[in-house]
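Novice: Residues per chain are reported as follows:
Number of protein chains: 2
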Amino acid sequence: MLTLYDYLDSGNGYKARLLLAQLGQPYRRVECDIMTGRTRTPEFLAKNPNGRIPMLELDNGVCLPESNAILWYLGHGSPFVPAERLAQSQALQWMFFEQYSHEPYVATPRFILRHLPANSPRRAELPDRLARGRAALDVMEAHLKTNAFFAGGRYSIADIALYAYTHVAHEAQLDLAPYPALREWLARVASQSGHVPITFEPS
Amino acid sequence: MLTLYDYLDSGNGYKARLLLAQLGQPYRRVECDIMTGRTRTPEFLAKNPNGRIPMLELDNGVCLPESNAILWYLGHGSPFVPAERLAQSQALQWMFFEQYSHEPYVATPRFILRHLPANSPRRAELPDRLARGRAALDVMEAHLKTNAFFAGGRYSIADIALYAYTHVAHEAQLDLAPYPALREWLARVASQSGHVPITFEPS
Numbered sequence: 001m002l003t004l005y006d007y008l009d010s011g012n013g014y015k016a017r018l019l020l021a022q023l024g025q026p027y028r029r030v031e032c033d034i035m036t037g038r039t040r041t042p043e044f045l046a047k048n049p050n051g052r053i054p055m056l057e058l059d060n061g062v063c064l065p066e067s068n069a070i071l072w073y074l075g076h077g078s079p080f081v082p083a084e085r086l087a088q089s090q091a092l093q094w095m096f097f098e099q100y101s102h103e104p105y106v107a108t109p110r111f112i113l114r115h116l117p118a119n120s121p122r123r124a125e126l127p128d129r130l131a132r133g134r135a136a137l138d139v140m141e142a143h144l145k146t147n148a149f150f151a152g153g154r155y156s157i158a159d160i161a162l163y164a165y166t167h168v169a170h171e172a173q174l175d176l177a178p179y180p181a182l183r184e185w186l187a188r189v190a191s192q193s194g195h196v197p198i199t200f201e202p203s
Numbered sequence: 001m002l003t004l005y006d007y008l009d010s011g012n013g014y015k016a017r018l019l020l021a022q023l024g025q026p027y028r029r030v031e032c033d034i035m036t037g038r039t040r041t042p043e044f045l046a047k048n049p050n051g052r053i054p055m056l057e058l059d060n061g062v063c064l065p066e067s068n069a070i071l072w073y074l075g076h077g078s079p080f081v082p083a084e085r086l087a088q089s090q091a092l093q094w095m096f097f098e099q100y101s102h103e104p105y106v107a108t109p110r111f112i113l114r115h116l117p118a119n120s121p122r123r124a125e126l127p128d129r130l131a132r133g134r135a136a137l138d139v140m141e142a143h144l145k146t147n148a149f150f151a152g153g154r155y156s157i158a159d160i161a162l163y164a165y166t167h168v169a170h171e172a173q174l175d176l177a178p179y180p181a182l183r184e185w186l187a188r189v190a191s192q193s194g195h196v197p198i199t200f201e202p203s
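Protein chains in written order, with my numbering: chain L, 1 to 203; chain Y, 1 to 203.
None of these hints come from the bench; they were simulated from the model. Owing to the predicted nature of the structure, the values given are computational and were not obtained by experimental measurement. All residues carry an ideal CB built from backbone N, CA and C; glycine is no exception. If a hint is listed, it holds; no wrong ones were tucked in.
Within a straight-line C-alpha distance of at most 25 Å, the following computed SDA-like cross-link-like pairs (lysine to any residue) qualify:
#1 Lys47/Y / Pro178/L
#2 Lys145/Y / Leu45/L
#3 Lys145/Y / Arg40/L
#4 Lys47/Y / Arg134/L
#5 Lys47/L / Lys145/Y
#6 Lys47/Y / Arg183/L
#7 Lys145/Y / Arg132/Y
Derived CB-CB ranges, DEER-like:
#8 Met1/L / Asp33/Y: 49 to 55 Å
#9 Leu113/Y / Pro178/L: 33 to 39 Å
#10 Leu23/L / Glu31/Y: 40 to 46 Å
#11 Ala142/L / His170/Y: 35 to 41 Å
#12 Lys145/L / His115/Y: 32 to 38 Å
#13 His170/Y / Ser193/L: 48 to 54 Å
#14 Met1/L / Gln192/Y: 36 to 42 Å
#15 Glu201/Y / Ala148/L: 35 to 41 Å
#16 Ala46/Y / Leu176/L: 22 to 28 Å
#17 Ala118/Y / Met1/L: 52 to 58 Å
#18 Met1/L / Ser120/Y: 47 to 53 Å
#19 Ala83/L / Ala118/Y: 47 to 53 Å
#20 His115/Y / Ser78/L: 41 to 47 Å
Just chain L, same shape as in the assembly (with noise of 0.2 Å):
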């Protein structure tokens, strides 16, 4: 059975979760605290040596990191995946913006204001990440004026993605009002069959 080493608040493994669920796969979750370097002990680091969760480890041992590799994994051959090139392309471009224009602009200022003291260091960097946010939400919003997804023309591991943080972004001070078409499409993921809540967690 798959083992996702995972940590419930974390919109990355929330990715992995919301797949699974869709695909209805069977899996066994490992809850890691990395408040409290669960993911930086000598067992977890010999499985990632980048000690990050989410990671999913298949029956035969191999260690798959890196949340939006892990959609694609799970994904392939199935409709969350686009099939053909170009779309295949579009999909994969959006997690990559996900990952370098929008996690660390997003996510970052939600951990800071979540998990670390209110007198942390780490505030200081808010402002200039939150700015940095808007200006991804503001990429998404034009995508989305005139497009239902992300890629494809339907629901995708690119709008699993994107969907993970931007759900919660009011977690890190950033206000959607001024985003509408990227609230529709938050209504359109959360209305897709078999959804399921961040916090949602195998029986």
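Once you have looked at the hints, place chain Y on chain L.
Specialist: Showing chain Y alone in chain L's frame:
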């Protein structure tokens, strides 16, 4: 004909230039000086609202940004993209690693040192960025101690993605002496058929 919007000093642009050369694919190159705002003009933003190079414009006018998505598109169906599910996912794993854990800490210090004035306040970012850059090189070294390439046991787009800024890491004040396996891999990549240097321009 394909058009690559590019900036010759960019490692992200070099990824596309290198693969295009190795594929023997003709293309038109449009140099965009990122230092004079060429990627933030209304004309450019209409093609890529995220305002970045490289960007690949297809014959039908579709514009594909994100260097690693461009590698995916160009390499589709070629030996440069692994065909098998796990190897494909592992290639993407390293390409997401490159954008999230490597590029901001190798490419950005190089940019600060090469393109911003010596008294730029952004120099204050260097110690933290370079420490994270060394952490990324550590992760690569651990993999390369027992693997000739990053995915599928052969040269692929994952190697191109990671080679682009690693081979100029010295320009970011990162010393590669402590990374013998990584230095052997750099030589292995440079010895691949059709390899071209970062300054290569099609005739």
